[in-house]
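**Q** Working from the sequences, and respecting the hints, build out all of it.
Protein chains in written order, with this note's numbering: chain A, 1 to 398; chain B, 1 to 398.
All copies of an identical chain are treated as equivalent in the list; a pair is satisfied when it fits inside any one copy or across any two copies.
Calculated pairs, DMTMM-like style, for lysine to aspartate or glutamate (alpha carbon to alpha carbon, straight line, at most 20 Å):
| hint | residue 1 | residue 2 |
| --- | --- | --- |
| 1 | Lys-14 | Asp-364 |
| 2 | Lys-14 | Asp-126 |
| 3 | Lys-228 | Glu-329 |
| 4 | Lys-261 | Glu-57 |
| 5 | Lys-114 | Asp-81 |
| 6 | Lys-124 | Asp-364 |
| 7 | Lys-228 | Glu-344 |
| 8 | Lys-122 | Asp-93 |
| 9 | Lys-114 | Asp-126 |
| 10 | Lys-228 | Glu-346 |
| 11 | Lys-122 | Asp-364 |
| 12 | Lys-14 | Glu-197 |
| 13 | Lys-264 | Asp-276 |
| 14 | Lys-293 | Glu-260 |
| 15 | Lys-293 | Glu-280 |
| 16 | Lys-15 | Glu-197 |
| 17 | Lys-261 | Asp-276 |
| 18 | Lys-282 | Glu-297 |
| 19 | Lys-316 | Glu-260 |
| 20 | Lys-124 | Glu-86 |
None of these hints come from the bench; they were simulated from the model.
Protein chains: 2
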Amino acid sequence: MVSSNTIDGSGALKKGALNGIRVVDVSRALAGPFTTMLMGDLGADVIKLEMPGTGDESRYWGPPFATYMSSNRNKRSAEVDLHTDEGRNICLDLIRNADVLVENFRPGTMRRFKLDYETVAKIKPDLIYCSISAYGQTGPMSHRPGIDLMVQAVSGLMSQTGEPDGRAMKAGGPIADIVGGFSAVVSIMASLMERRETGRGRYIDIAMLDALMMVLNQQIVTYTATGKPYARVGNAHPLMAPYESFPASDREFVMAVTNEKAWKAFISIPEFAHLDEVPEFKAQVDRNINRVKMLEEIYRVFRAKPAEYWLAELDKRGIPSEPILTLPEVVSHPHIKERGSLMEIEYPPGSGTRVVIPGMPWRDVAAPRIQRDPPGLGQHTREVLEELYGPGGIKAAG
Amino acid sequence: MVSSNTIDGSGALKKGALNGIRVVDVSRALAGPFTTMLMGDLGADVIKLEMPGTGDESRYWGPPFATYMSSNRNKRSAEVDLHTDEGRNICLDLIRNADVLVENFRPGTMRRFKLDYETVAKIKPDLIYCSISAYGQTGPMSHRPGIDLMVQAVSGLMSQTGEPDGRAMKAGGPIADIVGGFSAVVSIMASLMERRETGRGRYIDIAMLDALMMVLNQQIVTYTATGKPYARVGNAHPLMAPYESFPASDREFVMAVTNEKAWKAFISIPEFAHLDEVPEFKAQVDRNINRVKMLEEIYRVFRAKPAEYWLAELDKRGIPSEPILTLPEVVSHPHIKERGSLMEIEYPPGSGTRVVIPGMPWRDVAAPRIQRDPPGLGQHTREVLEELYGPGGIKAAG
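**A** In structure tokens form, the structure reads like this:
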């Protein structure tokens with residue numbers, strides 16, 4: 001299975017843990033492409049099949065086409081029209097030579113293409129076939145359109161995000177897609193490991209909703225154990241205070257006073273010494289009860305000086321605190337630079353335009369890192385078809 | 001490696017893809033336990049080592065102890081004191097018989113226990129050793145305390161969440177822990193697959209910060225490609241409108257009008273027919289420019305009737321929309337019930353008290369589902385030590 005992999009001087013795989021695994025990727029937009037990107041990062045050969053002439057719809061979201069660019073490194077693109085017999089046959093031939101198929105169409109679409117699991121498993125019984133959708137392949141909501149905002153609303157996450165007296169808010173990134181994608185990768189890798197024992201393939205049904213609910217593990221257990229709905233707490237901690245975000249004179253920062261010792265350290269900051277004399281703030285239980293009054297006073301003091309001053313005072317005392325960084329600050333942060341957490345890709349292909357992108361979320365795993373920039377539409381159609389049919393064996397679809 | 005696994009009638013593994021893999025888990029609180037729980041869900045034998053008498057600190061966060069309950073199914077608990085020579089030797093003996101070690105102490109702590117990778121790899125060169133921390137093992141921030149709120153602040157996610165004119169908000173769940181945990185599982189499984197080829201172990205360094213930045217992929221690419229910071233947009237879409245959350249007379253819901261066809265469908269709702277005559281709302285580009293005025297009018301109309309009415313009208317016209325559900329609504333939702341997305345655990349052990357918890361975020365993967373409820377502190381100390389040393393070979397630590 002890992003035939004073309006070799007071992008380098010340190011005893012590690014040169015091309016990554018998934019080298020030798022071929023993925024036929026008919027997914028578009030986000031959760032599917034994110035899944036196959038992680039597999040490509042780990043060395044899999046990901047062949048992205050796209051509609052001739054148009055391709056993945058996310059190619060058009062922009063400029064600067066950030067969704068496409070950030071989800072499609074380490075793949076090859078081939079234009080194949082699944083609506084035609086010729087395209088469908090190419091897809092089936094690719095599947096015969098592949099290990100994994102990933103799709104994230106609306107449930108039922110792959111059946112219309114006659115590429116549903118039952119059909120495909122007949123010609124390739126050891127295929128791992130992963131369907132990703134907003135709400136899963138079964139259940140009364142399965143047919144509904146899958147947009148990250150909708151899944152955040154239905155999961156309960158929005159109801160838990162935002163100011164207690166404000167609107168329910170979405171998290172500021174497509175976390176249903178991302179957590180759904182991670183769930184897909186884990187389950188595909190588990191199925192590849194299983195296949196080594198059994199020789200059998202699998203059908204995997206990933207619902208972004210199921211994955212996103214794991215972010216609400218604690219709230220769901222709290223509600224079902226107590227029968228009491230978990231109120232939206234904004235940036236605060238439901239059991240501890242002060243533990244949230246605060247305004248300095250110039251910017252916001254977060255701080256967590258997690259126990260009595262930390263509270264003593266906090267009121268050793270000269271500007272907060274007067275809080276020691278307030279009986280309503282003596283014990284943590286008092287501070288929770290009198291939270292509003294306490295926070296008003298803390299806000300008032302913090303607002304008088306810049307964040308840098310407060311963060312230094314808190315740091316000295318071992319109280320966890322950090323500034324709330326903007327994206328420009330994140331991208332230029334010395335820590336993130338030193339860790340090499342960000343990588344560069346070129347896009348469009350051949351343009352010489354290099355863009356910074358978050359890299360793989362692990363260090364020192366056998367991974368080829370970025371071997372390929374996000375491909376142009378159909379950039380590898382000829383290469384993929386010649387691998388399949390030999391030189392001149394078939395004209396490129398589209 | 002999968003010696004005790006057997007194949008069931010359908011050709012699948014009975015005990016899960018990771019059956020035969022043993023995980024020594026010295027992690028506490030959230031990202032680490034979440035990682036090992038997913039591995040236990042897939043059939044790994046996870047042995048959770050806990051400080052005698054006290055154990056994982058999350059056992060005390062409550063009642064109802066939701067963090068502990070939702071992160072520790074499918075594990076065994078053994079009380080072992082890593083501060084003593086006896087405990088350290090038990091840990092090393094377990095490692096000799098294990099495949100994976102997971103820890104999420106502050107960087108440097110495992111070295112103080114003389115259980116750092118360099119030391120452990122000498123006695124077990126094929127161990128996969130995974131360290132999870134807030135900011136990673138390297139870089140100027142590596143020593144800083146790792147709380148989900150802090151990582152959300154530093155990642156840039158908070159600056160992207162919340163009302164444009166309000167405070168930066170955290171997402172309403174510990175998503176740095178969850179995405180960090182998923183990253184850890186993927187990298188451990190990749191390293192297990194690699195080990196089959198090379199026979200070698202690996203050291204993996206997971207930073208919750210690196211993982212969480214992937215949620216900001218699109219914003220980071222947009223910023224680095226254009227040089228323009230990506231403004232916080234609340235619940236809105238940066239390029240399309242109306243595409244956000246709206247208030248009905250009784251509750252909030254989300255709606256996405258994604259193109260001209262959808263806009264035509266939207267203004268075919270009788271209450272919105274008058275918008276067709278407003279020149280400022282004609283094309284998508286106009287609606288973006290005149291967004292505030294348009295949204296004010298849409299809000300005014302939506303506020304007059306209940307969400308159920310609007311959702312039915314939108315549904316009829318194929319416009320994506322969903323109510324923003326509360327947790328009680330999520331837990332009792334017919335779709336989630338039909339999919340079996342929630343499971344039950346008993347906790348405390350033997351109490352007969354059953355609590356609902358989100359299950360595994362995949363369907364039909366070879367997984368043993370919930371085989372074990374979250375263990376009591378030291379519930380399996382004797383069992384684990386007898387497996388290691390034989391009956392009566394050593395007295396249970398603690």
